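Please work from the sequences and hints to get the whole structure.
In the order they appear, the protein sequences are chains P and G.
Letter 100 of the first sequence, counting from 1, is numbered 100 in the numbering used here, and no numbers are missing.
Letter 64 of the second sequence, counting from 1, is numbered 64 in the numbering used here, and no numbers are missing.
I should point out that these hints are in silico values taken from the structure, not numbers from a laboratory.
Mixed in with the good hints, there may be bad ones.
[To be verified] 30 angstroms max Cα-Cα, derived BS3-like pairs, lysine-lysine:
1. 53/P / 96/G
2. 96/G / 70/P
3. 11/P / 96/G
4. 68/G / 57/P
Because the structure is a prediction, the values reported are computed rather than measured.
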Amino acid sequence: DAGITQSPRHKVTETGTPVTLRCHQTENHRYMYWYRQDPGHGLRLIHYSYGVKDTDKGEVSDGYSVSRSKTEDFLLTLESATSSQTSVYFCAISISADTQYFGPGTRLTVL
Amino acid sequence: KNEVEQSPQNLTAQEGEFITINCSYSVGISALHWLQQHPGGGIVSLFMLSSGKKKHGRLIATINIQEKHSSLHITASHPRDSAVYICAAPFYNTDKLIFGTGTRLQVFP
Chain P
1 DAGITQSPRH
11 KVTETGTPVT
21 LRCHQTENHR
31 YMYWYRQDPG
41 HGLRLIHYSY
51 GVKDTDKGEV
61 SDGYSVSRSK
71 TEDFLLTLES
81 ATSSQTSVYF
91 CAISISADTQ
101 YFGPGTRLTV
111 L
Chain G
1 KNEVEQSPQN
11 LTAQEGEFIT
21 INCSYSVGIS
31 ALHWLQQHPG
41 GGIVSLFMLS
51 SGKKKHGRLI
61 ATINIQEKHS
71 SLHITASHPR
81 DSAVYICAAP
91 FYNTDKLIFG
101 TGTRLQVFP
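Put into structure tokens, the structure is as follows:
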């Protein structure tokens, strides 16, 4: 599993509250990604990072922000959660040009 | 139109059957990924291929770059192969991936 963990694994929250999801890796890989997975859609890239304090937007970045102050941690923040952000969130790392490893996922429900 | 499309969306099979899942893409790519998502949700990378064919156990992946098409085959399918299989292509030769919507495979004993 390339030492990727996500926390929390499940969260239920209310509309308008802030939420932060954490992705942690143990192997100092440079590239990290946040995706969301929804029925009828493939995994969609929210934000990605190519190093400490270096991040960029993906295709569905509205309503999300990220931070990477340490190589091992990549945080995804929903400043004010909405019901449309109910989803399963996956973190991934690139261990080479060929391969991405995925975390176990976080199931977020926004009521 | 999705840039990466898979077919079929759902597939059921009897144990032992030969399985084929197809992936077509509309962008020019240098390589294509196949991933497996287990019923519990975990995602595992199966293959990355840029030409020809790759084999791992009972799984075989092929790609035709000119036709922008890839297939994933499972020989002698088993119930433990039941999962969602996802293909993904790098976005314009970056390491960002565009994903298909997946093929849900159920293999019955």
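Would you mind confirming whether the straight-line C-alpha gap from residue 53/P to residue 96/G stays at or under 30 angstroms? Holds, at roughly 18 angstroms.
Agreement of residue 68/G and residue 57/P with the hint, judged by alpha carbon distance not exceeding 30 angstroms: Cα-Cα ~27 angstroms, so holds.
Take a quick look at whether residue 96/G and residue 70/P sit within 30 angstroms of each other, Cα to Cα. holds, 21 angstroms
Do the alpha carbons of residue 11/P and residue 96/G lie within 30 angstroms of each other, as the hint requires? Status holds; Cα separation ~27 angstroms.
The structure is consistent with each of the numbered hints, conforming to all of them.
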